[in-house]
Structure formats: structure tokens, C-alpha cells
Amino acid sequence: MLATTFISLQGFWFALLGVLWAGFFVLEGFDFGVGMLMRFIGRDDGERKAVIGTIEPVWDGNEVWLIVAGGATFAAFPSWYATLFSGYYIVFFLILLGLIFRGVAIEYRARREEQRWRSAWEIAILLGSAVPAFLWGVVFANVIHGVPISSSGEFTGGLLDLFGGYAILGGFVSLTLFAFHGAVFLTLRTKGKVRERAKLAATLLALPALSLVIVIFNRSAAASGAVDGKWIAAAVLAGIAGLLLALSLGLARRDRDGFAFAATALAVCSTVASFFVGLYPSVLVSSTSAANNLTAFSTSSSHHTLWVMTIVALIFTPVVLVYQGWTYWVFRARLRGDPLPGTTGSGGTSSRSSG
Amino acid sequence: MTVAVTTLELSRWQFATTIIFHFIFVPITIGMGLFVASLQTAWYFTRSDRYLRLTHFFGQIFLVNIALGVVTGIVQEFQFGMNWATYSRLVGDVFGAPLAIEGLLAFFLESVFIGLWVFGADRLSPRLHLLTIWAVAVGSVLSAYVILAANSWMQHPVGYRINPVSHRAEMTSLWAIMTNGILLEGFAHVISAAIVTAGVLVLAIAAYHLIRRREVELFTHAARLSLVFLLVGGASTIAWGHFQGQLLVREQPMKMAAAEALFTTEKPASVSLFAITPWSNPSKNDFNITVPHLLSFLNDWNWNSKAVGMNELQSEYAAEYGAGNYKPNVPVTYWSFRIMTGVGFLFLGWAALGLLLVRRRRLESTRLYLLGSIPLVLLPFVANTTGWLLTEMGRQPWIVNEVFKTSDAFSHSVSVAWVAFTLGGFILVYSVLALVETGLVLHIVRGGPVPVSKEDREEGGKLLRMGY
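In order, the protein sequence lines correspond to chains A and B. For the first sequence, counting from 1, position 278 maps to 278 in the numbering used here; every step adds exactly one. Going from the second sequence to the numbering used here is simple: count from 1 and add 355.
Hints listed in this document are in silico derivations from the structure and should not be mistaken for laboratory results. Because the structure is a prediction, the values reported are computed rather than measured. Any given hint could be a false lead.
Stated by the list, open to error - Partial selection, computed: residues in chain A whose CB lies under 7 Å from chain B:
1) Ala72
2) Tyr81
3) Ser86
4) Gly87
5) Trp117
6) His303
7) Leu306
8) Leu321
9) Tyr328
10) Trp329
We treat Cβ as the ideally placed atom computed from N, Cα and C, and that holds for glycine.
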């Protein structure tokens, strides 16, 4: 049953959205982590320059994954997009404010020398990373845990329905997961003292991230009903995510930075995969009544639109992956926090290639 | 019922506020992107210091603007779902596609390559680095095309059908949507206007320095280039705007009748030069100065053709779609049109005057012209905004012309209080960002272009490194 519905255009687009969100969380996840850790791992201006320098050339491209995920949801599942964004109105507003301040802060921080200017933008980067990192967890926890949705597919709850215990837990999961992912990314992309501190941060963050992932999967498993094929698939993916997180800590401590980063990236992917498998075929769970759940089939666009968009996606996605991947190759050199004035943070030559 | 109306009204205010703010940065990004890419191309082929310095200097201003364009753009994509959920459900099948395509085709290109351009100068060959700025420029132009495709569908829906069961719009032809007549002409008009915006911005900055007699040779050159941008862009904006108007007379006659404050059908029709019209639900002008025959001529090159007035269109719409007011706000539509075209012609004249001074080699010494060029920098934004006011306010009461009404499109689950809260939040945040951004641009302008060292000259690498 599950297999047959997955082999449908709706199933394909549901899976594709899983891929887009996974891409967004892997890439912007470490951007968020780097943003949150910047002021702690970089102790002076030169070091902070190096820390932010690891994401400066790429953060903008990473954020487009969100734009495409949003646009694809709109095109393929208009009613999902409509109920999600209008229902979680205030959550998305706060995410937007975070992303606005963060984006501007990354671009403007270095443009003036004054200490006050830099500190203000660094705090904007910190909050602009932490707030969306937390709230994305809130959003996805609510999607699968359920909020009040009426039979006409409208959100009927209030503010407190969006910030229940499970949602807050989800927020802390994504917050710590991205912080850990960002710390591991920094160990891969920096050298010297900055890298040592990033490694320490990764060590400190691994256990909270792993425990929170385990806690939320246990709560999800307990809340869901029968143990069926879907349940097992989601549980296996969750287990893989947990193992990968533990593995990445071990690899980071042994200075296998590239593999450690691959492990956290895959852990993020497995977490997203577990979520999407567990959710399917629903796209938004209603806590009012299971009959009010929005599904991939009740919210999708017409067959024709899904076909057209499939062709568009199959043509352009590989092209994007090639040039975005190439960007990471161009900026593969490790950065060091150089205290000398007038030097550029990312000017250091490559001593170790990534991966 | 009152509550619903208020959510609707505040959602409209919020959309207008956020999109007007966003569209301050969009034309700068497109126009300055093309300008900076042209400068870097000139440097690549001539290896002349002046192009290297100008690329770096105007590149900084371009970057400060693109940051705000990017972050305010995300708001727009989310806002359809947040505030216009009913609209999103009704038309997502058609309207969502261009938004998704924009991200995949255009925004990725722009956002990935901007990082390479800013930080990649010392890692890429000069040729590859030149290609990155062109990828950014092409990305922003493509982005405009696809977003305008979505907007044009709201103005003149094509390539769709209404599902008889769900009453939702469904796509039947993406090709039709992407080759909508109003899109092709609107795109040419918008890109031309972006070139004008960049031209005026560069001219004003050059004038600022020329008045202070700083870097006279360099900024005289920049001013000349900007005048070419301004003349070509200005003429093209006006020409495409005119063709667009002629098409709109057929496709959105009510919008164009409102833009001309034309209440009664006339044959031949006269153009209004100055009309005073009541604010709400008018059926005639209080005062009007007209030029006979001219509207007929502008509409279809025929001095004696008929132009249908708003009162006749109102009766036709009421007969077809039921009772209701089908006239947009006439004063807003009428004056937006006049302000926009007025600014357009002013720019064209200003460019011609400037080029005349260039011919006489007096541009850099004509203080009055330079002084006049500085306040001009505000006018592209006035014209860009009034252009969109005409387009969007002139379409009312429809959200999708003659298919769905704006009053049926808002989010029912979002309370008035929340929209008021977010509207206030956006106004506050955007005001702060506008102040910071303006301060930063002025800071860069005042700082002026940096000098070129010997090693810069050899490779061009260091100076073209836009980041710090």
C-alpha cells in the first residue's frame, strides 16, 4: 500500500520535498551553527573573520534551498503551503525576522571598523541564526505532532497550540543539532586555535544533540499507533541518525574532519528522511481529528502541473548541484584567525583539502 | 464581517509595504548588476585602471543593496501563504510553478555566483571571475522574468482552466504562461527601468564627486557611461511602457480608463492633462483639462478611435459578474500613471541635456547640471513605485483579473491582531534597515574609489576581491 502510493506523482513530489528540506537543513544547518558559535569560537576580530569567512561565500546559495522548498511546496501542494504558512503565521514571521537580520548582518558586519558596529551585527548573526534554527524544529514538530485543523483545512488554534511541549522539544532538537553540525563544519574549514575551539564545541554539543534526538524519537514512536512498515522504516532511519551523530563525534575527536562532517550531514539527512517517512501520506497532522489531516493527495496540484514541474526539476536540479558543488570546491581552503591588521580572514593558503 | 474586512485591509497594506520596500532594491540589483558587469568586462578587455577602480567602487554599492534585496525577497515568497492562503489554494496550481522555477532557475544562479564573485577573485582566473558577475546579472534578469510571469498571469490569466468541481485554477500550458503578451512587454519595461535606476544612481554619485572636484577624470567617465545607460534605458522604458499601455487598453480596459480618468466613452477620445476626481466611487471628474483626439491616437495610432469609459465598463462587469464596484481607485491610478510617465520623460530630457554637455566637453564643469543630478536620485524609486501602484491598484477589485477577487483571497485563520502586529514589525524593521543601508551607501560614496597598486594592476585580483 505504502509502496504503491509512493510510486505516484504525489509520492514523488513528497519525496522531492524531503530532499529539498534535507538539502536546506544540511547546508543552512551548518550556517546556523556557525552563526550561533561565531562569538564563542572566535575570540578576537581576526578569528571571528575566519569563522564567518567559512560561510560568507556560500550562505546565500544555501538559503536558496529554502526558497526552492517553499516554491515547490506552493507549486506541488498549494493547500499544504497555504495552511502551513497561514496557520503557523507568527512562527514564520519570527523566522523571517531572524533570516532578514542574519543575512544583512553577514553582509554588513565587515563594512565598518567600529567595535560597536561589529558587535551589534555579531549579535544579530547570533540571534538571526539561533531563532530560525529553533523555530524550524518547532515548525516540523508541529507538522507531525499536529495542531488544530478544521475539516475545511484551516488552522483553528492559537499561539499556545504552536508552542506545545513537543514543539519546544523539536525546537531544541534542531537548535542543538545545527549547533553541533556547525561546530563540526568549523573544525573542517579552519585551522589553528579556531579549529581547536570548534573541536571542543563539537565535543560539548554532541551529547546534548544525540540525547535530544533520542528523546524526540522515543516520544514520536510512543505517540504513533500501530507498528507497521512505515513505523519500522522511520525508526530505522532515526536509529541511523543517532548512530551517525555518535560516529561523527568519534571521527571529530580523531581529527578525521571530512568524515566527521559527512557523518553529521548524513545524520541531518536521516533525521529529515525519518520525519518524512513517518509523516507520509499526511503533510499536516490535525490534532482535532485524524480525518482532518491534510495529505499529499488532498493538497496536491493537478496531474498536469506535477508532470510539468517534474520535468523542470529533472532538468535544472542537476545543473544547480554541479555549480553549487563547484563553489564548495573553490572555497575549500581552511581559514585561520589572523590577528594582523589589514589581512583578509580567508587569505590563508590551503594546507589541507576538505573531505 | 467587519473583522474579515480588516484582516483583508491590513494584509493588503502589509503586502504593499513589503513589496514596495523590496522593489527599491530589485531595480538597483538588476541595473547595477548589468552596469558593474559591463565595467568589469571593459576592464577585462582594456586592463585600464579606471575600469578596475569603477568596478570595485560601484561593486561595493551594488553589494550593499543586493543584501537587502535578497532578505526582503524571502518575505514575499512566504507572504502568499501567510496572508493570502485562500489565494494560494485557488491558484497555487498555476501561480506556484513560476515561483518554484524562479528559485531553481534564477535565484540559485544569482546567489551562488555572487559568493564566487565577491570572494573568488584570487581563486579564479580573470576570465572565470568575469563570468561569475555575468551569471549574477543574468540570474537577476531571469528572476525578474519569471516573477513577472507570475504577476502577468494575475493581470491577464492565460494557460489555465477552472476545475468545475473544485473551482480552482489549474495549469494547462506553462508555455502560454511564460510567453504571455503582457509579460514580454512588461519585462522589457521593467528591465529598462532598472537600467534607468542604475544610470541615475551612478550619475548622482559621479556628480557628488565632480562638484567636489575629486577624481574628476574618473567620475567624468562614470557620468558619461551613466548618461548612455540613462538615455538608452529611458527611451526603452518609455517605448515599452507605451506598447504595454496599448495592450492593456484591450486586456485591462478598466485599468487604463482609470489611468486616464475616462468615465464616459469617447470617440474620438481626449487625453486628460490634469483631472480632479472624487476619492470614493466616482462617476465623473470634478475638474479636467483635456487634449482632444490624443488618447485615441495613443491607444491605437488612430486619431478618431473609440475609448471605452469606466461607467460603460462598470455596467458590463456588473452584468457579467454581479453587482459590485469594478472601478479601481481612480485618483491613485490616474496620478500614479502621470507621476511615472512624468519622471520617465524628465530622465530622458536630462540624459539628452547631459550628453549635449558631454559633446561640448562641459559636463564636469557645469555645476548647475551636477547639482541638479543629485536630488534626481530619489526619482527612479518614485517612478518604480508608482508604476507598480498603477499595475496593482489598477487591477482592483480583482486579484486575478476577471477570475478571482482580492476580497476572497486572504487568510481566514490569521487574526486582525496578528496582521497588525506583523505589519508594525515589518515597518519597524524595514525602517531601521533603510536607515542603516542608506548610511552605509553614503559612507561608501564619501569614501570614494580606492587607488590601484602595481600588483592590482598586474592581476586585477586584489582589487576585484569585493569581500574583506
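Here is what the structure says about each hint:
1. Interface hint status for A/Ala72: upheld, as the beta-carbon distance to the closest one in chain B is roughly 5 Å, under 7 Å.
2. Interface restraint check for A/Tyr81: the shortest CB-CB distance to chain B comes to about 5 Å, inside 7 Å, so the restraint holds.
3. The interface hint given for A/Ser86 is met, as the beta carbon of that residue sits about 4 Å from the closest beta carbon of chain B, less than 7 Å.
4. Satisfaction of the interface hint for A/Gly87 is found here, the shortest Cβ-Cβ separation to chain B being roughly 6 Å, below the 7 Å cut-off.
5. At about 10 Å, the closest approach between the beta carbon of A/Trp117 and any beta carbon in chain B exceeds 7 Å, and the interface hint on this residue is violated.
6. Hint status for A/His303 relative to chain B: violated, with the closest Cβ pair at about 9 Å, above 7 Å.
7. Taking 7 Å as the C-beta cut-off, the interface hint given for A/Leu306 is violated, the closest approach to chain B being about 9 Å.
8. A distance limit of 7 Å between C-beta atoms decides the matter here; for A/Leu321 the minimum to chain B is near 10 Å, and the interface restraint is violated.
9. For the restraint placing A/Tyr328 at the interface with chain B, the shortest Cβ-Cβ distance is roughly 10 Å, beyond the 7 Å limit, so the hint is violated.
10. About 10 Å separates the beta-carbon of A/Trp329 from the nearest beta-carbon of chain B, more than 7 Å, and the hint is not met.
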